[in-house]
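Using the sequences provided together with the hints, build the complete structure.
Using this note's numbering, the first residue of the sequence shown is number 902, and each one after it goes up by one.
Bear in mind the hints are in silico, worked out from the structure with no lab data behind them.
Treat the hints loosely; a few may be bogus.
[What the hints assert, rightly or not] Cβ-Cβ distance ranges computed for the label pairs, FRET-style:
| id | residue 1 | residue 2 | range |
| --- | --- | --- | --- |
| 1 | Phe1221 | Glu1029 | 13 to 23 Å |
| 2 | Glu1157 | Leu1199 | 17 to 27 Å |
| 3 | Ala926 | Gly1172 | 44 to 54 Å |
Predicted model, so just to flag it, every value in this text is computed and none were measured.
The C-beta atom is built at its ideal place from N, Cα and C for all residues, glycine as well.
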Amino acid sequence: NKPFFHYVAFAAPHFPLHALPEDIARCMDRYAGGWDKIRNQRWKKVQELGIVRGRLSSVEKEIGPPYHFPEHLEILGPGEVNRPLPWDTLTRQQQVFQQTKMAIHAAMIERMDKEIGRILQQIRAMDEWENTLVIFLSDNGASAEIMVRGDGHDSKAPAGSAPTYLCLGPGWSTTCNTPFRRHKTWVHEGGCATPFIAHWPAGIKVRNALRGTPAHVIDLAPTLLDLAGVKPSRKVPSPGRSLRPTFAGNGEALHEELWWLHEGHRALRQGDWKLVAAKGDPWELYNLARDRTETQDLADHHPDRVKALEKRWEQMASSFREALADRK
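Shown next as structure tokens:
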């Protein structure tokens, strides 16, 4: 009868890319083959595991960082690349620079993984392993951003050390988001679909099972309140739903729809259909049950569905704007 709640928010692997030199060295050779080769390897693994149905999305070579800072590219030097260009078209200097950045990124994740391991060991030491729900997730897809902030970037310092300021960039973020399209800030699947792992031996009976039920970070608070036996406040109704049915594996849909608006990028999902558009671009329409990777735009084939979903998106946008206005 001594419940506990612990929230751990790692900055890793957010930029700037910083890691211990011994961790970076251990990861370097892993990425010598470049982002094209590794992207294909990851897609093969995704298929073997049955994680995603669909086709591997094409590399969008014209899509670079969401924010353009030409002066920062100059600071970072000739090794930086702000487009996901074919690996074999890069200079040797660019290949080494990009390989090093991905090694630092991987080293950050490996170190984070070790620290998560320490937390799990502590839960075991407390004899609370069986009845502790552990949830792990990312906040967004990998980032294509390239920028220099704070104290700047010292190109003479070892890459990944404190005086440097490196970002993953669009080449590697395209690979990290395999098999999806786009990156952080966009609301295509590459920007908003992230891994979610739940472990609870006493409450989740099936081991190593995949769940395809669409869910959202808004569902976390209702889930924890539900499992703790706490009734949510009626004064501020939550748009989220408890994930308890999903943990049980009954296939029950949690949401009739999910809605996005981020930096001008917008989307609405109803059932298997997703209406999505990048800022300033026309709507695209995808059937995610058949095409989770958003490779076959069906907007021209279903104009009435596009109109209906667009109308609903506008209604949702208006309701959120009104809610925000009421709080001011």
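Comparing the hints with the structure gives:
At roughly 39 Å, the beta carbons of Phe1221 and Glu1029 sit outside the given window of 13 to 23 Å. At about 20 Å, the CB distance of Glu1157 to Leu1199 agrees with the hint of 17 to 27 Å. Distance hint for Ala926 and Gly1172: a CB-CB separation of about 48 Å, consistent with the stated range 44 to 54 Å.
The structure fails hint 1 only (numbered hints given earlier).
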